[in-house]
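These two chains come separately, so use the hints to put the complex back together.
If you read the protein sequences in the order shown, they are chains A and B.
Our numbering numbers the first residue of the first sequence as 1 and each following residue consecutively.
Our numbering numbers the first residue of the second sequence as 252 and each following residue consecutively.
Honestly, the hints are just simulated from the structure, not real lab data.
Keep in mind that this is a model prediction, so the values were computed, not measured.
Treat each hint with caution, since some may be false.
Below 27 Å or equal to it, Euclidean Cα-Cα: the simulated BS3-like pairs (lysine-lysine) are [claimed, not checked]:
no.: 1; chain 1: B; residue 1: LYS352; chain 2: A; residue 2: LYS91
no.: 2; chain 1: B; residue 1: LYS479; chain 2: B; residue 2: LYS392
no.: 3; chain 1: A; residue 1: LYS171; chain 2: B; residue 2: LYS352
A few chain B residues facing chain A, derived, Cβ under 10 Å [stated by the list, open to error]:
no.: 4; residue: HIS264
no.: 5; residue: ALA274
no.: 6; residue: SER344
no.: 7; residue: MET356
no.: 8; residue: VAL357
no.: 9; residue: LEU439
Every residue, glycine too, gets a C-beta built ideally from N, C-alpha and C.
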Amino acid sequence: MLNLTLKVWRQQNATSEGFIETYDAHDIPESASFLEMLDIVNERILNDGGEPIHFDHDCREGICGQCSLTINGIPHSKERGITACQLHMRKFKTGETIWIEPFRAKAFPLLRDLIVDRSAFDRIIGAGGYVSVRTGSAQDANNLPVAKTKADAAMDAAACIGCGACVAACKNASAMLFVSAKAAHLNLLPQGAPEKNKRVLGMVRQMDAEGFGNCTNQYECEAVCPKEISADNIARLNRDYAIAIADEAAV
Amino acid sequence: MNLSSCSICQFWHSSIGKKLVVALTGLFLVMFLAGHLAGNLLIFQSSADFNEYAHMLHSMMHGWGVWIFRILMLVALALHVIATVQLTAANRSARATRYQKDATMVASRSSRMMIWSGLTVLVFFVFHILHYTVRVSPELKELADFDQNWAMTVKGFQNPLVSIFYIIAMALLCSHLSHGVASIFQTLGLRSRKTAGPITLLSKAYSLIIFVGFISIPISICFFGYGKEELQETEQMIEQAKSLGLDGILHEHRH
Ligand code: HEM
Ligand code: FES
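In isolation and in its complexed conformation, chain B is listed as follows (with noise of 0.2 Å):
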């Protein structure tokens, strides 16, 4: 046994070794997102369960969880960004001088934009962290100082050009994935001329469901009004609450 750094240096180094990482880190984030969804279509069923499951999220391993499954996201990402964005640039100089008359056969749009498509994708991933995670308005993050996900969710998405980005995003997270789900198959070696019928399909399939679940949110809160009033009444309450002295109590059932 001779597992030496140095094969993984070469690994990386090499053409397919990166896309093997690009493939692998791609397959994680496509079955994180395939969870997110899941979860936050909860927002639907009612505020308790969603309130519920963040709290579930947060509780997970006495807390511990969350911030292992932030990490493995982190270092998903930042694989997958290092590696895309220096096989594009290898890609570009490995043809130094264009075709004056250029064509395309076969090639998707989709696949020909997978950089744009993964850098617009990332800038709306660091805005997503600043507005839900971290909070950086005070606005939402009272409501999740009282425990109100739900409602701090329904909040977010009640400002038009939050919705109008998050939309955006996900249409080009679409494209993103209508390539790269098929991608994987291929770069993993597990397509061939039997399975490629099949293998497009469930990627189209695939995105198509990211979308869609992923937009119906903003669109039923901003265009449809979906929670607004829930909403209210849970703003007064927390009003009431704090106007009654009792805000500090609420906080210390929190912890």
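Just chain A, with the same shape it has in the complex (with noise of 0.2 Å):
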């Protein structure tokens, strides 16, 4: 059994002032997820009366990107390729301070204690994140040849399931590994390239319009992304981005 401390961000709602409030989290099974820890010590809370800890969480496997947490200063905690559903008890030590804090973003707001609006996001893939024809059903994928490598860097890119943590821990909250990877996995594949340069032109605005930062390399995004995005696909962005606008302006 682990007895920690928790330092736990709560906040009534988007408008009120928020704080750090500590807890005792004592007896938590080292069997438990982080998640369960929190079931655990929400339990506790809600039978001395009080008001328990909301998170988002959905799928507790890794798959939703719905669970939020800033883990002692990184988001979905500093395991790698992971998220914080999928992190477990054991990890931590007896006797230590564990802070819990949502992720921090001007353009994710926060909602309530550890949840915030990742809504934007929905709004960039709606400015581009998508093919707008019909593109057949599994019989027509298989009869369009895709170079291996090509297939292989869009399955990759594919496998981001937008939980935002790249933004969260970026020192300037920017989307762009999110925003790079859902484009790339399109534009990749022969289904989506027709429509390469609109998306990339839309995609970006859109994120620049919701008030995201700016990338400065420094490869954050990709060291706590759950997933394991290259930061290549930032570098395909950019390099997309410069032909697009190019494209846009001459031709």
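The following block contains the structure:
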């Protein structure tokens, strides 16, 4: 059993003042997941008649991208390639203090406690992160030859679950890793390629309009990404943007 | 063809567009530094070669060359500074509430102080221009008026405050470049997992060469007395020329 101290960000609603509240999390089984640990603490808060700590979660198996906790200053914790829900309490030692904060970015307004509004990502997808014509069903995909290297790169980019950890980790709250992955996974494939320039311009413009910061090539995003999306996609987006804007201006 | 000015505005106001401006102007400044260092190192070869090099720069294209270059430098530097100051301000405001417990996984210290290393270089740059190009010090101005650029440089660096500030500025420039050079490749879309290693290495090697190369000059002059005797001889020669009333002739010869 682990005895821990939690420092948790509590905030009533979007407009109220937030603050750090300290909780004593005693007798936490090592086999619990991080979110189960929060469930146990919440159960105790409820029993004492308090308001439980609000946090986002859904699948609890690292595929939905809902969980969004900054653990000791690092989104999804310092363990690489996992989401917060995949984090196990055995990674902590008894006596430790754990800081739990929301994903911080101006473009992700805080709703309550540890829950933030990530609909800016949906609007970016709405600005071009799709293919606008019917591309057929499974057998049609199999009829279209795709180079192995491109298929691999597109598949790796498509692993993005849109959790927003890249934004939360970036020193500038930039959304470049998300946007570049979502653009790349379509741009690299024959179904997505015809709309590449339009997609790149649309998504980048929406990204800027949402108030995300600018990439400074520090690669914090890549380091925290639970799906280990590569910053190669960012280089690709930079290149594709230059091409798209030249095309728009001159052709 | 419709290359409207509006596209350029849009480019400048977009995050990636502005970063491309930073990368391209940064690349220009990086290339300039390499050339500047190569020229400066002539100081160790001989005073004659150094003076001849300085003369060549000023007479290139009938004196137009140096001005064209100065204007290009100024434009590049201005664009670089305006863009990075704006980007940094936008980046700060993109996270209105900071983390109570902040942590870093991989970002280097240099990458996190780009604006401060950059602004120090800017202050240094202004000082450097006043010192060796405008020559606000009458002593240095006189040496330059007699076409003694080598002696002027040596004299300038004999001042320990000047040399120490120079060395500090070069250390921060080295830090700026160790992140900056590698950044150029990523911003221009030329970096990938396969090339990341060599690019980082190139960036560190380049910034180290710039650092060691530039500071070797003030260090050898200020702390090891390089060029002391020759400078004295030159100064005596100028005194003699002045006392003999030959300075007018020397000046005329120059023009
Ligand atoms: C000789 C002078 C300079 C050189 C060679 C230089 C070079 C560079 C290079 C190569 C980059 C990377 C570009 C990229 O992100 O792709 C950069 C970035 C930067 N420079 Fe400079 N720079 C110089 C002067 C300055 C000055 C005077 C400032 C003052 C504000 C400055 C501020 C910055 C900042 C804040 C960045 C970071 C931008 C980012 O990471 O997005 N630099 N510089
Ligand atoms: S809850 Fe679904 S990814 Fe964590």
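Hints, verified against the model:
1. B:LYS352 - A:LYS91: Roughly 19 Å between the alpha carbons, so the hint for B:LYS352 and A:LYS91 holds.
2. B:LYS479 - B:LYS392: 18 Å, holds
3. A:LYS171 - B:LYS352: Distance of about 13 Å is within 27 Å: holds.
4. HIS264: 8 Å, holds
5. ALA274: 9 Å, holds
6. SER344: 7 Å, holds
7. MET356: 4 Å, holds
8. VAL357: 5 Å, holds
9. LEU439: 7 Å, holds
Hint compliance for this structure: every hint is met.
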